[in-house]
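Trainee: Could you put the whole structure together from the sequences, leaning on the hints where they help?
Chains as they are written, first to last, in this note's numbering: chain G, 1 to 117; chain C, 118 to 229.
No wet-lab data here; the hints were simulated from the structure. Be aware that one or more of the hints could be misleading.
As the list claims (entries may be wrong) - Straight-line C-alpha distance at most 25 Å; calculated PhoX-like pairs for lysine-lysine:
no.: 1; chain 1: G; residue 1: Lys44; chain 2: C; residue 2: Lys119
no.: 2; chain 1: G; residue 1: Lys44; chain 2: C; residue 2: Lys159
no.: 3; chain 1: G; residue 1: Lys27; chain 2: G; residue 2: Lys71
no.: 4; chain 1: C; residue 1: Lys119; chain 2: G; residue 2: Lys62
no.: 5; chain 1: G; residue 1: Lys27; chain 2: C; residue 2: Lys216
no.: 6; chain 1: G; residue 1: Lys44; chain 2: C; residue 2: Lys216
Take a look at the letters that make up each chain.
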Amino acid sequence: NAGVMQNPRHLVRRRGQEARLRCSPMKGHSHVYWYRQLPEEGLKFMVYLQKENIIDESGMPKERFSAEFPKEGPSILRIQQVVRGDSAAYFCASSPSRPATSTDTQYFGPGTRLTVL
Amino acid sequence: QKEVEQDPGPLSVPEGAIVSLNCTYSNSAFQYFMWYRQYSRKGPELLMYTYSSGNKEDGRFTAQVDKSSKYISLFIRDSQPSDSATYLCAMTNPTGGFKTIFGAGTRLFVKA
Chain G
1 NAGVMQNPRH LVRRRGQEAR LRCSPMKGHS HVYWYRQLPE EGLKFMVYLQ
51 KENIIDESGM PKERFSAEFP KEGPSILRIQ QVVRGDSAAY FCASSPSRPA
101 TSTDTQYFGP GTRLTVL
Chain C
118 QKEVEQDPGP LSVPEGAIVS LNCTYSNSAF QYFMWYRQYS RKGPELLMYT
168 YSSGNKEDGR FTAQVDKSSK YISLFIRDSQ PSDSATYLCA MTNPTGGFKT
218 IFGAGTRLFV KA
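Mentor: And the structure:
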């Protein structure tokens, strides 16, 4: 049973370019979460999605960042016009149901490390 | 004030020692409490999951939640060098949406 998959594992972009990060949840999981982790800091929530719906994007910066989880295919976190401050590890997690209402919790992928030159 | 406070360490102990990791929090609405282990350059993996107050034991790991003090702990018995990692506490408020709040993580080194 494959876990949460993320690709690419490492991504290098120059300032002003776009970054696309992909996340395939575990089989049977329909809830996806994106987090950002800066060095020496904990995980910061960005967005929570279900298939074709954004449930909570309160952690997303207002500009340049967007996320989707289409009916078919992986969830995508898109960062437009990247800046050096976007350099971080971005983790995706999935769960079979909404964790706050059940004992199911989130399982994390290996992360994508974004470096902006 | 952060919602969840966790000492970043590092914490260095000899092999075989009992390790105590702790977090404090400010939001009394948190009901679900988790501990994750994260090895360097890897994703977090769930270690322990507790609902509300009390203790939970799993092998060498024991999680404690004291809601009256807003304090949670993870104890590791007979620590091993393979336990060297960053340990993140996390908690969820079921009435405040799904959002899970993480501590900054404590770096643990277990010396052989």
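Trainee: Does each hint fit the structure? Answer for all of them.
Mentor: To see whether the hints hold, each was checked on the structure:
A distance of roughly 12 Å separates the Cα atoms of lysine 44 (chain G) and lysine 119 (chain C); the hinted pair therefore holds under the 25 Å criterion. Note on lysine 44 (chain G) and lysine 159 (chain C): the hinted pairing holds, with a Cα-Cα distance of about 16 Å set against a maximum of 25 Å. Distance restraint check for lysine 27 (chain G) and lysine 71 (chain G): the Cα-Cα separation of roughly 14 Å lies within the 25 Å cut-off, and the hinted pair is therefore satisfied. The straight-line distance between the Cα atoms of lysine 119 (chain C) and lysine 62 (chain G) is roughly 22 Å, inside the 25 Å bound, and the hint therefore holds.
Restraint check for lysine 27 (chain G) and lysine 216 (chain C): satisfied, since their Cα atoms lie roughly 22 Å apart, inside the 25 Å limit. With a C-alpha separation of about 10 Å, the suggested pair lysine 44 (chain G) and lysine 216 (chain C) falls inside the 25 Å cut-off, and the hint holds.
Hint check: no violations occur; every hint is consistent with the structure.
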